[in-house]
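Trainee: Model the full structure from these sequences, guided by the hints.
Those protein sequence lines, which keep their order, are chains A and B.
Numbered per my numbering, the first sequence spans residues 1 to 290.
Numbered per my numbering, the second sequence spans residues 1 to 371.
Simulated from the structure, these hints should not be mistaken for lab results.
Hints may be right or wrong, so weigh each one.
[Said to hold, decoys possible] Chain B side only, calculated, beta carbon under 8 Å to chain A, not exhaustive:
| # | residue |
| --- | --- |
| 1 | V78 |
| 2 | F127 |
| 3 | R174 |
| 4 | V310 |
| 5 | L314 |
[Claimed, not checked] Covered stretches of chain B, going by a simulated chain A footprint (3 or more residues, C-beta under 8 Å):
| # | segment |
| --- | --- |
| 6 | 100-113 |
| 7 | 132-140 |
| 8 | 143-154 |
[Claimed, not checked] Label pairs and their calculated CB-CB ranges:
| # | chain 1 | residue 1 | chain 2 | residue 2 | range |
| --- | --- | --- | --- | --- | --- |
| 9 | A | A274 | B | D254 | 19 to 29 Å |
| 10 | B | S162 | A | D174 | 52 to 62 Å |
| 11 | A | S161 | B | N99 | 52 to 62 Å |
| 12 | A | L56 | B | L329 | 52 to 62 Å |
| 13 | A | G183 | B | A295 | 22 to 32 Å |
| 14 | B | R326 | A | L56 | 47 to 57 Å |
| 15 | B | L297 | A | A274 | 41 to 51 Å |
| 16 | B | V152 | A | V258 | 18 to 28 Å |
| 17 | B | S216 | A | A262 | 25 to 35 Å |
| 18 | A | S213 | B | G158 | 11 to 21 Å |
| 19 | A | N121 | B | D170 | 55 to 65 Å |
| 20 | A | W140 | B | F127 | 23 to 33 Å |
| 21 | B | S162 | A | F7 | 41 to 51 Å |
Backbone N, C-alpha and C define an ideal beta-carbon position, used for all residues, glycine too.
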Amino acid sequence: MVVTNAFVQGILLGGLYALFACGLSLMFGVMRVVNLAHGDLSIMAAFGALALVDSLHLAPFVTLLIVVPAMAVLGYLVQRGVLQRSLHVSALAPLLVTFGISIILQNGLQEVFSADNRALNIGSLATASLRITNQLSVGWFSLLVFGVGVTVLVALQLFLSRTSTGRAMRATSDDQEAAQLMGIDNRHIYSLATAIAFATVSVAGIFLGMRTSFTPTAGPALLIFAFEAVIIGGLGSLWGTLLGGIALGVAQTVGAQVFSPAYGILTGHLVFLAVLALRPQGFLPKAVTV
Amino acid sequence: MTADGISVDTAHTLAASTIHRRGRPVGVTAGAGFILVALLAVLPYVASRVTTYDLVELYTLGVLGTMWNLMAGYGGMVSIGQQAFVGAGAYAVVWFTNNNGVNPFLGVPIAAAVCAVLALPTSYLVFRLAGGYFAIGTWVVAEVAKLFTTQVRSLGKGSGVSLQKMSHIDPTLRNRLVYWMALGVLTLAIAATYVVMRARLGLALRAVRDAPTAASTLGVKVQRSKRFVYVAAAAGFGAAGALTSLHTLRVEPDSAYSVQLTAYMIFIVVIGGMGSIEGPIVGAIIFWELQRELASLGEWYLIILGTVAVVVTLYVRNGVWGLVSRGRLHAFPVGYTLGGGPRESGRPRGSRKGEDERPDDNAGNLKGVVQ
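Mentor: Dropping the structure here:
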């Protein structure tokens, strides 16, 4: 029963990981860029929310309305101003540039907010739970996060498959030059993809901040989890990413339960390495979309 | 001239002309290098202990930079997880010294060998990922290595372990021995990179880096070449880690496997100049000096480093060494010149391209120099 409980918690945690991962997946799909600052951006959003809570006394959920659009705008500008240029320098340049940004963000946040553990306080919602059986109960907040994660993935999927901008994004992903010949401004498409990635990872970061405490240097671990979710699920498939996130979440919570809390993350890594060794294309390799 | 647009005439000329090694003969480099190393080797008798102690750090940074450049600058593999082997090497030397009574200095080559052995199966795993995902995949490997290390009781679990058997060697002698060891490892790393880059493998690697598909169709064993580099670099990283253990007499998981090490390597290579042997050496000196000057700034120091790395990547593609040498000065000539005699000539200054050119640009190299 304890394991079942861990299993359910893992599935719900997977929704959060999928939320972290979808932006990484989108940026890679559209412009073949792996953003090494992805995790740090989510932490930056969480600290942004924290600053708003502290200064304006906003409720943590309200900060989403300010921080997420702000991060999207920032994403658009960063792509236009910095990453676009790096795409023309060399294939390695985007990696070096985003790694540099990651270092700057981590240390910048540490300078401003100190290295202390911080958290976004959501009051009684953090502990309220839905009792299913005597031994199995599910936190309302975990359910909410899972629901938001799935909703964002569905919305992203619909955006890519149904809207003309989404179509342009897929076209650019398939063949950038041909898409350009069809009149698609690839710089605009790239910037939009980055904006979406920044927005989704901000949502993930703020929910993470409500779920647990965080520090300025928590970003790299989140980048690794997001990456593992993408690879386990299969490159280029959003449903795969959700499945990958769930697999990773379950591996971590069940591993922590069965072995010891210290082994949770290690179990997640080992599942990732096993998938890489045995099924490198992931659970659901590219089916549709980016 | 495009790749498929080489006329019969040009092909004829290519066949008829001789291909020269660019720059001065290798003997000059070897001779000058030998004199420099000899001078540095007598330094402990002249300079203070503090100086030699600090120089060990510089040499270790030089090894790290040279190895990272071998992978990224020549092999086209950007990894942010090579601290896996730095940490493994640092722990291996402690393990063999403390538990098996091996001489710590003999432990350095052993640690390097252990890392090479570990790297071979790892390569089969991480080579399934390409580009940016390869970069993060190697990082996962480093995290796993760290988590496994912290489970071993005799390695001090999470809190680290001290290197025994070094404390009863006279400090002055110990300091000198570590210094010579570091100098030796750095010399070996640079010399080995130089030899490999002048050999057939070096040419193959640069071809793979610039255009893997084209290289493959020309018969280059792409995976095998990359694997060789990955394993060789792992040995170098392991030796650097082992040196750090000898130097500080202590190893802790969080610092030995720190991703910060990769940040340093990237900084060294990017600032110095990626894709040249000279670049990482120049970069290591700059980084070492900056570290001494700016370390008191705390976080600001790393913010500055990150910003400089981003700006240099975007605007100074060949780094400081590229700015200084302007592609004409070669301490370690590895390129070739076609038909134009031993000196590089006739290449217009404005048209000089970066070391990491886009595949489509490379046909231009037929006219001038194979970097």
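Trainee: Which numbered hints does this structure break?
Mentor: 2, 3, 6, 13, 17 and 20
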